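Residues per chain are reported as follows:
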Amino acid sequence: MLLLDIKNLTIELETADGLVRAVDRVSLSLREGETRGLVGESGSGKSLIAKAIVGVLNSRWLVTADRFHWLGKDLLRLTPEQRRQVIGRDIAMIYQEPSRSLDPTAVIGEQLEEAIPDHLLTGPWWRRNALRRKKAIGLLHKVGVREHQRVLQSYPYQLSEGICQKVMIAMAIAKNPKLLIADEPTTALESTTQAQLFRLLASFNQLKGMSILLISHELESVARYTQKLSVLYCGQLVEAGETNQVLQTPLHPYTDALIKSVPEFQPDLAPKTPLYALPGSIPTLQHVPIGCRLGPRCPNARKECVKTPALERQQSHYFSCHFPLTTKGK
Amino acid sequence: MSDLLEVQALSKSYSKQRGWFGRQQIIALDNVSFTLAEGKTLAIVGETGSGKSTLAKLLVGIEKPDHGQILLAGQPVQISHYKKYNHVIRFIFQDAGRSLNPSQKVGQMLEDVLCFSTVLDQQQRRYKIAQTLKLLGLLDEHAEYYPHMFSGGQLQRVALARALILDPKLLILDEALTALDPTLRAQIVNLLLELQQKSGLAYLLISNQLRLVRHVSDSILVLHQGKSVDYGTTAEVFAAPEHEYTRKLINSSGG
Chain A
5 MLLLDIKNLT IELETADGLV RAVDRVSLSL REGETRGLVG ESGSGKSLIA KAIVGVLNSR
65 WLVTADRFHW LGKDLLRLTP EQRRQVIGRD IAMIYQEPSR SLDPTAVIGE QLEEAIPDHL
125 LTGPWWRRNA LRRKKAIGLL HKVGVREHQR VLQSYPYQLS EGICQKVMIA MAIAKNPKLL
185 IADEPTTALE STTQAQLFRL LASFNQLKGM SILLISHELE SVARYTQKLS VLYCGQLVEA
245 GETNQVLQTP LHPYTDALIK SVPEFQPDLA PKTPLYALPG SIPTLQHVPI GCRLGPRCPN
305 ARKECVKTPA LERQQSHYFS CHFPLTTKGK
Chain B
178 MSDLLEVQAL SKSYSKQRGW FGRQQIIALD NVSFTLAEGK TLAIVGETGS GKSTLAKLLV
238 GIEKPDHGQI LLAGQPVQIS HYKKYNHVIR FIFQDAGRSL NPSQKVGQML EDVLCFSTVL
298 DQQQRRYKIA QTLKLLGLLD EHAEYYPHMF SGGQLQRVAL ARALILDPKL LILDEALTAL
358 DPTLRAQIVN LLLELQQKSG LAYLLISNQL RLVRHVSDSI LVLHQGKSVD YGTTAEVFAA
418 PEHEYTRKLI NSSGG
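So the protein sequences, as listed, match chains A and B. FYI, the numbering used here numbers position 273 of the first sequence as 277, with every residue one higher than the one before it. FYI, the numbering used here numbers position 56 of the second sequence as 233, with every residue one higher than the one before it.
Treat the hints as calculated values from the structure; they're not laboratory data. Everything numeric in this text was worked out from a predicted model, so none of it was measured. Just to be clear, a hint being listed does not mean it is correct.
Computed, partial: chain B to chain A, Cβ under 7 angstroms [stated by the list, open to error]:
id : residue
1  : S192
2  : S328
3  : P359
4  : Q364
Simulated pairs of lysine to any residue, SDA-like, Cα-Cα distance not exceeding 20 angstroms [to be verified]:
id : chain 1 : residue 1 : chain 2 : residue 2
5  : A       : K276      : B       : A214
6  : A       : K276      : B       : R388
7  : A       : K264      : B       : I365
Glycine included, every Cβ here is placed at the ideal spot set by N, Cα and C.
If we strip away everything but chain A, and leave its shape as in the complex, we get:
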């Protein structure tokens, strides 16, 4: 069953120079128990999409969509109050920098206990506090923190970034959400802790059937832990499909460049040889080119590219390009 079904999501910002379209008709769907990666460079609108899903964008942003369904209910048609209830029950999110998103003035124990909803505590009211504490300790154990006593009594600044991120995850899974959105969960972490966290997320997905939307700019780590992949460039969806398929036969020149620019995906590349790189840099949102936004940087752009290509599909593989890389001899 489709958990999340978004079609043609557009997010615009009103500025002095007119409307700036930060996310341009992106479609995204997520089944129950699926892990999907959302890859794109900075400014491609990944975080905006995540924020639009949980509804934390402020009123300056205009969010429109043809379809924005969560379990069959259109989120954009609900009143803010109803919407908050649905999202508060089912969706949890982990943010980029854990030590900054935690409250610096309260100890971890307090914050974690606050995140546990009342309906999960079964017991008479006079035992509530003890149950809450017990549940908090259980959550910490679940995310792999052993010395719970010390962590519960610490303030965020006293803990390492990795532990803080684990606490964030514990807070996110406290209410048993159906969907966990992880917005660049590992940028601030060491490579050994990174692997640990990805394994943790993968285990929640397998053991509890929790769906995960993993947002990152690092293709290599996303590719290892997800089943489906969506690639964004500058607010446009360029390619989506099964992770393996996208990596093996990329149809969009941007995805191709992204894969080629990572040494890990090029095992026969000799050390110290130049990497494949697209010329130019990512345009700012005030000056995006018309049509396909990759246009000026694309190696095989032609006249037709000034019109935005429609999203086409080949089986379960979606792409939006006038000249897909199908004829590539491989």
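We have chain A; now place chain B onto it with these hints.
Just chain B now, with coordinates in the frame of chain A:
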């Protein structure tokens, strides 16, 4: 080829107040030695607190070592000579956007560097700035820009320009490639490799990304809690890591 940089048994410890009278010694670097030849790249890998940044600080002379010495082209280096040898070793920080002065034009910033460290007159300085900008694929009019007018990749190039304008022999990149987007990172890596081939620059790359390290570096030094646990050519270390920690690191990156 001769060794450009030789580091012998370098140690550094910090002391920290503990209680009323006690002091606690924190050993940041313990007996680290390595050599770096001209035109080669040495990667330094390790977790936070392993002493990577302390090592970089010692090399550029921000901190003074407790023991050991640093030899630059055979000559021992002392802190008092800093001005003399900052032509040779240059440093690039992690976040280019934050390490540039936002209220100063790029051209002015580059000129300041030349004013402080060279004896060129104004004509020569202007020529040098134009030349350096061209080398890094920037335009002449970029000298009139303020840092906020550049995109992330261009800022990294500006930071590189500031480092390269004195024609250094060694460039220390402290996590300078980590925060970049993949396609930009590929561009900068290509630029660095090209510069190395053209002018025989040596790099000291401090990084956490093993995949990149494997591609770019000639030799690798793994630091763990201030001690060097693995040191050798990149291919050797990746093929047969000696220490438990290195093995864990290589496994976790899938490298």
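Against the structure, the hints:
Violation of the interface hint for S192 (chain B) is found here, the shortest Cβ-Cβ separation to chain A being roughly 21 angstroms, above the 7 angstroms cut-off. Below 7 angstroms, beta-carbon pairs count as interface contacts, and S328 (chain B) has one with chain A at about 5 angstroms; its hint therefore holds. Evaluation of the P359 (chain B) hint against chain A yields a held restraint, the C-beta minimum of about 5 angstroms falling below 7 angstroms. Contact between Q364 (chain B) and chain A, as hinted, is supported at the beta carbon level, the nearest pair being about 4 angstroms apart and thus within 7 angstroms.
For the given pair, K276 (chain A) sits about 16 angstroms from A214 (chain B) by alpha-carbon distance, which is consistent with the 20 angstroms threshold. The suggested pairing of K276 (chain A) with R388 (chain B) holds, with an alpha-carbon distance near 12 angstroms, which does not exceed 20 angstroms. Our distance criterion of 20 angstroms between C-alpha atoms is met by K264 (chain A) and I365 (chain B), whose separation comes to about 15 angstroms.
Hint 1 alone, counting from the list given before, is not met by this structure.
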